[in-house]
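There are 2 protein chains.
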Amino acid sequence: MINSQTKIFAVIGQPVRHSLSPILHDWFIKKFKLNAAYAAFEVDAGNLEQAVNGLRSLGLGGFNVTIPHKESILQFVDDTSDSVALLGAANTLKNKDGFVKAFGTDPFGFVESLGEEAARFNGARVVVFGAGGSAKSIVYALGKLQVHYVCIVNRSRARAESLAGAALEKYGLHQVSVFDASKNILNDLVSEADILINTTSVGMHPLINESILPDSSAISKKHFVYDLVYNPGLTKFLADARLRGAKVQSGLDMLIFQGLESVRIWHGEHFEIGKDELKEIRKILKTELGINE
Amino acid sequence: MINSQTKIFAVIGQPVRHSLSPILHDWFIKKFKLNAAYAAFEVDAGNLEQAVNGLRSLGLGGFNVTIPHKESILQFVDDTSDSVALLGAANTLKNKDGFVKAFGTDPFGFVESLGEEAARFNGARVVVFGAGGSAKSIVYALGKLQVHYVCIVNRSRARAESLAGAALEKYGLHQVSVFDASKNILNDLVSEADILINTTSVGMHPLINESILPDSSAISKKHFVYDLVYNPGLTKFLADARLRGAKVQSGLDMLIFQGLESVRIWHGEHFEIGKDELKEIRKILKTELGINE
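Same order as they appear, the protein sequences are chains A and B.
Position one of the first sequence corresponds to residue 1 (our numbering), numbered consecutively onward.
Position one of the second sequence corresponds to residue 1 (our numbering), numbered consecutively onward.
Please note: incorrect hints may appear among the correct ones.
Pairs involving identical chains hold if they fit within one copy or between any two copies, as the list cannot separate such chains.
What the hints assert, rightly or not - Taking lysine-lysine pairs in the DSSO-like style, the calculated list, with each CA pair at most 30 Å apart, reads: (1) Lys-30 <-> Lys-286; (2) Lys-221 <-> Lys-279; (3) Lys-221 <-> Lys-286; (4) Lys-286 <-> Lys-31; (5) Lys-33 <-> Lys-275; (6) Lys-247 <-> Lys-279; (7) Lys-101 <-> Lys-7; (8) Lys-144 <-> Lys-222; (9) Lys-222 <-> Lys-7; (10) Lys-247 <-> Lys-286; (11) Lys-30 <-> Lys-222; (12) Lys-96 <-> Lys-7; (13) Lys-7 <-> Lys-286; (14) Lys-283 <-> Lys-30; (15) Lys-101 <-> Lys-222; (16) Lys-33 <-> Lys-286; (17) Lys-33 <-> Lys-279; (18) Lys-170 <-> Lys-101; (19) Lys-279 <-> Lys-222; (20) Lys-101 <-> Lys-283.
Calculated from the structure, these hints are not laboratory results.
Just chain A, with the same shape it has in the complex:
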């Protein structure tokens, strides 16, 4: 029920037409009985400053920020959380009486999405595919999870090295190596690792027959394989890994938990969702994506 106290939140990006955030946050609003409404605002790069001023002048509650504004938004905010300062990117803005602070909830969403599997990460050997914004959040989270080492596998070696440098200097990691995706050493890397994480869009709908690791022969049942892609629910990368006995997980729960963390930041309350509720929202999102599993 809308009334004059209802707070407006929104995801801003371009495009945002296909964003799942409005559906996810509408579910949170109902689940936690928040006096709020959530929308998607398509904002041009050239209108970004106006959009943040709109947040302030209209007294909106906050924004989620998505591609391509996650980095450029920072020049228009009044304050940043520690993780945003370290990552140089934000996905959540909170407005309090015209003062706008930027937060990043992706690393947190990743960690919370792991559930019981989080215990695997302490001291683990991890291969991360990709070196973009998502990889940055994941590598930052791996620092918090105190993994043993991280191998960053990326087509562009320069970008991977930049991320490796940040990981060593700022994210608390002690062993980080960088590999060109074309190297034959890949199978060795995989067989020596405990955890594989795809942060690239390879395998995402509609190119569902592609995998970040075309030769999956080095994967075995000791592996935990995570794909940030959530559409399809089971990418070729994950399907191959599962066939080889590995435990696998898609990016859907990370999407849910990064959103949940935004809600906690906005409303200043530590909301939780139980197992049945998690199943419920997964189902809603999969239906929206047209995933039948």
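Put chain B on the given structure of chain A with help from the hints.
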């Protein structure tokens, strides 16, 4: 159900905490199955330009504009409807791809609220109490309704004369006179009139024992008496008039129909509400106001 296509609308003003618009428009949204949400944004005069820029840059659908911004908003819009140009005030902004046009739906809301009583106005003699923004909208509507003459009764004669001038020059009225509220001639004016309209806030909650016409002895059953105040539902002015046999109407339906006209402007569709629906929304608004009748 919110999704990424949901359009956001809002009332902007100061204060807006007690605005009924969010509840009214939430009802329209559900009734007409609009993919929209409606909020109240408290906007300072100093933030008004930023607010209109926020409307543009965030791609909101539109605003209702209330006190104290109805006039000052006009310097920030790209276009105005004919009635806004004539009235110098707006209560509705529509945003289309960053182009913002201002509309005024109060005169329309007044006319539509009359229902079958509208027929009384053609050739009628009308006394209007007050000469502020609301009086302006009413006198403009009286021009459209082709009344015979209008007497404007107001404490400040200067303001009343200014309105009378506009009525004669721009609103299509041919006979307009102005009276000081303290004049003894008031009873004569009333007994010669067919219709009395209070556009002031006299009698509004909590000062419910006040009436714009303390001596109601000149009112008789030939009169149609309208009060723009809707809280209480029956002001002392209306209660006295009813006791003397007059037909009376409160401002609640005008509130509803000015809102409906905004919805039509925003969505480009001629939505209608039937008698039962009108009863339903009246009841919702009265409940919100704490009116038990």
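Problem - Violated hints, by number in ascending order, as checked against the structure - result: Result: hints 9, 11, 15, 20 break, sorted rising.
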